[in-house]
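A.B. asks: Generate coordinates for the entire structure from the input sequences, incorporating the hints supplied.
Protein chains in written order, with my numbering: chain W, 466 to 812; chain R, 466 to 812.
The hints are all genuine.
If chains are identical, the list can't say which one is meant, so a pair holds when it fits in one copy or spans any two.
Cut-off 27 Å, straight-line C-alpha distance, at most; resulting in silico cross-link-like pairs (DSS-like, lysine-lysine):
hint	residue 1	residue 2
1	Lys694	Lys774
2	Lys774	Lys648
3	Lys772	Lys651
4	Lys772	Lys648
5	Lys694	Lys772
Because the hints were derived from the structure by calculation, they are not lab data.
Number of protein chains: 2
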Amino acid sequence: MNETATLWWDASTNTIRYIDQTVLPNVYSIIECTTVGRLATAINRLEIRGAPALGVAGAYGIALAAQVCQKNDLKDFMAEVYRDAEILRSTRPTAINLGWGIDQVIDTMRSCQDVASARLSALAKARDVAREDTASCHMIGERGAALLPCTCTVLTHCNAGSLACSSWGTALGVIRSAVSTGKQVKVITCETRPLLQGARLTAWELIQDGIDVTVITDSTAAHLMRTGKIDAVIVGADRITCDAVFNKIGTYMHAVCAHHHNIPFYVAAPLSTFDTKKRERDVIIEERGREEVTTIGNRTFVPDGCKVKNFAFDATPLDLVTAIITERGVLRQPIDTDLLLSLKSTK
Amino acid sequence: MNETATLWWDASTNTIRYIDQTVLPNVYSIIECTTVGRLATAINRLEIRGAPALGVAGAYGIALAAQVCQKNDLKDFMAEVYRDAEILRSTRPTAINLGWGIDQVIDTMRSCQDVASARLSALAKARDVAREDTASCHMIGERGAALLPCTCTVLTHCNAGSLACSSWGTALGVIRSAVSTGKQVKVITCETRPLLQGARLTAWELIQDGIDVTVITDSTAAHLMRTGKIDAVIVGADRITCDAVFNKIGTYMHAVCAHHHNIPFYVAAPLSTFDTKKRERDVIIEERGREEVTTIGNRTFVPDGCKVKNFAFDATPLDLVTAIITERGVLRQPIDTDLLLSLKSTK
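C.D. replies: As structure tokens, then:
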């Protein structure tokens, strides 16, 4: 099973290293990232993507900011770190984990008395965030695996695997854990337009683990549901408010269709994804550039001058979610947002 | 408004000419087709596609077979035409119109007493089929236009426009007719993976007509429905049995989501698309090659060895269809299959 990290701290060079997710599966490329600006670009270009991975990237990003900052005065030092935090935070508005990871490290640094200890604390905390993310994925995996039948075909969308987390994965963590316990799980992965994370990343991860995987176009999912080929849907999440799950565009369509066919629809996400003080209406859905839709490889498929809308995420109301699988427990219908809040606050 | 034919008979060369739909919108290329074998390849490669256009292609294909056949004995002549008919008929199993167009011309030829009159009758009948298809599209357009609000945004999937018919279109015919009568119609076209007929063909057609059009990925449709951006869905059909509408993969997903959001879901199709003596279970859904999904432009996105399923169509049960718009009338819920049969038989 794939326990490879998707991004990590290289102690020998004091830099972040990560797998460039834009060129998989054709090229496996490790990028060395030495500046916060380069990390922001990597997040913006989706070289690093996936909500939990963004949390870890935010944490290591602040650790990197702390290592490279040359200020000796603590106040000046922290001012620069705060500026870098805002650069990172502004890259993507919808996933909450990025800001959460940033804040975890900054909160730790605030209690430090000098620059040297702030640097040390930042790196130590970032490593904790990464370690905890991996541990959470394994706990999510175990809890989710118990929900799956011994033999089943699971539909997933986008990539909520080891590439999207520090390792193991959330939705794919559930599948990996189920396979680890001897369950016969086949996976249908939707290609996930426009950037094809399902075809490129989920398929690549699962093939490496020897898990049975089939790629379909996104719009084929409902047909497979109707013809009895799907036993459950499992997806990750980028943010969970008290009334909705924000995840890759297309998630909502799968939720509606799963509901129509009485197929369980599971969301697998660590508590760092929860933002239960907010409502759906408070969250901005990121719109990305038209070229992600119009141009694939070397070819442009949309006529010049034609309008394009490219929402990166959609919102699925909680009443369409059969259960949310977290590292602390499984929240079933009716999903209790007070319980979510208490789980979060006691973490 | 675009009244260009997508394929036609060139009397000066006794050949079929058609717009190659695989290279639009980048290249506008007219292909001259001199043999039935080449026409079969064109249908198989989707250079010619769209249910009504396939009906016209089938009709002209038999006319072409009759012109090129060198047999002087009527029995030998017809035997060769029958063989050519089977070559054409076997190219694509799901759309009924292809076989319907073939049979229209062959039935006419059967009453001929000699080869010369069979040749003339074949071409005359094929021209009738094309003319009738255009007339049907205009009647469908008028009937459908009456169903749309004066100001609305309509979602469509794939291409059921002039490229998919002899001209004008079915689903896009409704939109063109509505715009012609002064209605303010905006169109959202789903790109329609894997072959992007919505992004390439529907967008191209509507831009030429100056109709407001926006391209989205297929999985964005449900999000737009939920956020109140879609007033109606209109699609074409490849075959309508007594219990289901067969159309481009993804149609079913839109029908389920439209139903969930109480948005009218219209199917626009000529009576030649109806096959009401059959049930859904009698129809084969064409599965096409993996490379349509895995490879786009110059890039392959699915890892080697990964399985792929590529259904070209899906089936939408009639109870999810608000109305079927035909050239003879609008069939509303509960859609009466006996009425369908009587419309068909009295045609």
